[in-house]
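Those protein sequence lines, which keep their order, are chains L and B.
Basically the numbering used here = 1-based index in the first sequence + 1276.
Basically the numbering used here = 1-based index in the second sequence + 1276.
Be aware that a few hints might be false.
Treat identical chains as interchangeable: a pair holds within one or across any two.
Below, simulated PhoX-like cross-link-like pairs (lysine-lysine); rule was C-alpha separation at most 20 Å, straight line [as the list claims (entries may be wrong)]:
(1) K1553 / K1354
(2) K1354 / K1469
(3) K1675 / K1331
(4) K1630 / K1354
Just so you know, the hints here were simulated from the structure itself, not pulled from any lab data.
There are 2 protein chains.
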Amino acid sequence: MSKRILVAQGGGPTAVINQTLAGVVLEARRVDAQVYGARHGVRGIVNEDLVDLTKETPTHLERVAATPAAALGSTRDKPDAEYCRRIFAVLAAHDIGHFLYIGGNDSADTVRIVAEQAAAAGYPLRAIHIPKTIDNDLVGNDHTPGFPSAARFVVQAYAGANLDNAALPGVYVGVVMGRHAGFLTAAAALARKFPDDGPHLVYLPERVFEPERFLADVQAVYERHGRCVVAASEGIHDAAGTPIVTRLAASVEQDAHGNVQLSGTGALADLLCEQIKTQLAIKRVRGDTFGYLQRSFLGCVSDVDRREAREVGEKAVQFALAATGAAQGSVAIRRVGDYAVDLVLQPLAAVAGKTRVMEDEFINAQGNGVTPAFHAYLRPLLGGGLPEVHRLRSNPVAKVLAAAPAA
Amino acid sequence: MSKRILVAQGGGPTAVINQTLAGVVLEARRVDAQVYGARHGVRGIVNEDLVDLTKETPTHLERVAATPAAALGSTRDKPDAEYCRRIFAVLAAHDIGHFLYIGGNDSADTVRIVAEQAAAAGYPLRAIHIPKTIDNDLVGNDHTPGFPSAARFVVQAYAGANLDNAALPGVYVGVVMGRHAGFLTAAAALARKFPDDGPHLVYLPERVFEPERFLADVQAVYERHGRCVVAASEGIHDAAGTPIVTRLAASVEQDAHGNVQLSGTGALADLLCEQIKTQLAIKRVRGDTFGYLQRSFLGCVSDVDRREAREVGEKAVQFALAATGAAQGSVAIRRVGDYAVDLVLQPLAAVAGKTRVMEDEFINAQGNGVTPAFHAYLRPLLGGGLPEVHRLRSNPVAKVLAAAPAA
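For reference, chain L alone in the conformation it holds in the complex (with noise of 0.2 Å):
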């Protein structure tokens, strides 16, 4: 019998992790390999906390795909040397030869880890990380799966929110996930249909948030259409680096990789607020964090990212069980044509550990906006079947009266 395979998720969940998995799964049966899950990623083999995956029906399995989150559990551990040592006592035991690891680039830096303990001790595995990430932040990617699920959200929430803003006119901030990248937050423009449709402003980690800068902003947008829809990333921060949203935390908090908690807080939609509020003195001013529903949400998933979550998991298996090739890397999506992907794999160190940005040439000249490339660059992603917006057209009654008296 050939090595066991191993898979694992690590990170944030997402509304398509679980095809990926079910893609691991069914492609491993189909050329016989036994297939072992490790419970709460790489924590699940230290505490040798393992799942026959082979044992799942494939209609099961069909199931458990269509479903969010992570099925196996999660975790943002990192592992060190000791660590390592006890990830490979395990896999010893249960005579595994093929580590995947579904995540995102801190993942990616695990498998790294891994591989190069293995090497070191001699450990004969084959480590593929698997991408995953809302954040559309893995180097060498068109796009990671999940991204385009998470941006149909946030295009499906603004498109509401612009609605609901035209209904009730004032001032609305939305903020949106995306420590480092934009993307998330850039997604948001592609919610607009008609040219007075927000979000007017899109404020993005890549550009240096000016507080002075934004306010101006609004106030402009609001003179011309007596109401403004913004859309903010978490991450936005002054010209030395600082998240803006630190400036009203007391405490931050931070993960075994460093990064501080953005998410899970109101405190930056309501600093935005605030700020409008007293300097803008407009007083309809309305602030919404989408947090983890945007990535969470049951029922909101693009048809394109299931498919391709569901091929990178079966692209790396294909990978991990080649005879010749490469002992380890990061599988990435290509584009190859508008719209086409081609699955390729690159090694571990061009993904691991590093950011994503957004393309200056997605980014407007003003920092406060997309451009045209940016919308033919995600417009594919999300899917078939977006719902549509439609507006009474304009039939006006003609006044017969003076206008009234001004209230």
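Mind docking chain B on chain L? Use the hints.
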């Protein structure tokens, strides 16, 4: 020609309020009545800002019907005697004899005021209020159009949030809209499928919120499941009736109806999370405020809600144009089967400015959850095709190694 019908929309937008608008217009046209719309509710009457809805095509009306928010625009204006005099001048100038107002209890109060002032002024007017509110707080209604779709959003959000929390365990606190009525928050309970699913705790404005009791509840769930998902209404308050959120906010904003602003700020979720972090020493605590997404998100609609919202508009026209019957009233939904409804006309005074809250039979004895009766009440309203969630089955691999040394 019979007198024209004027229709307008008041209060917060919903996913299906434009279905009601389309119902009014199409039913009126079926009987050759002409329909005008006022832009931004009663304010549009005062401003003589009217549109001729008779000119809309059926095809386009159907598209608008399927679009969330309020296609005519909305307002929170509350008319006084002077405001009403202006209203009657405009109505008279345009030969309008029927006023249909789609909205919640504040909008019903507006219709009551307008009807009373019309009677006092001798202006012949049939004034009908058509129910709409995601809060589900209209007296005399089994439920209100807009609520089922918002409830569906909350269910889909919590089904996903629960999976996310299971993947990366900790405490998750979601804050749901509902000033005085907890129906929408309570809807979160229908996201549960497996016995250990969240939300594990549900806090409603119908019960006094005791911070110590809350912390003890969270602690108990956390000890039992290693995680905890909470649904809290934005309107939770202490024994004196003071909203918990105002313990934080230095100043509060009020609208013309005297309502304190609760939505559009993440303060309550942050406050509750801070309590859990500091008092219970739980590290991973995340809070989301669902905010405007729950009433405006594009593409989350209950088909039951969609049909009922359409029908209350149609029925309002029938009540308005009936040869006999009350000159004013409020359309109400009554449940007559499981599941079937009738539409009746109730007196404006029964609903105007009043607030229905959750019946005692819907709230558990501990005041931190809902009863099976609430599940039975809400289930049919959520509509068909609700996405399902599935878990991997339990197929543990037998351990071969001794337990890992404690990290």
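Tested hints:
no., hint, in the structure
1, K1553 / K1354, "neither (43 Å within a copy, 23 Å between copies)"
2, K1354 / K1469, "neither (44 Å within a copy, 33 Å between copies)"
3, K1675 / K1331, "between (73 Å within a copy, 17 Å between copies)"
4, K1630 / K1354, "within (15 Å within a copy, 56 Å between copies)"
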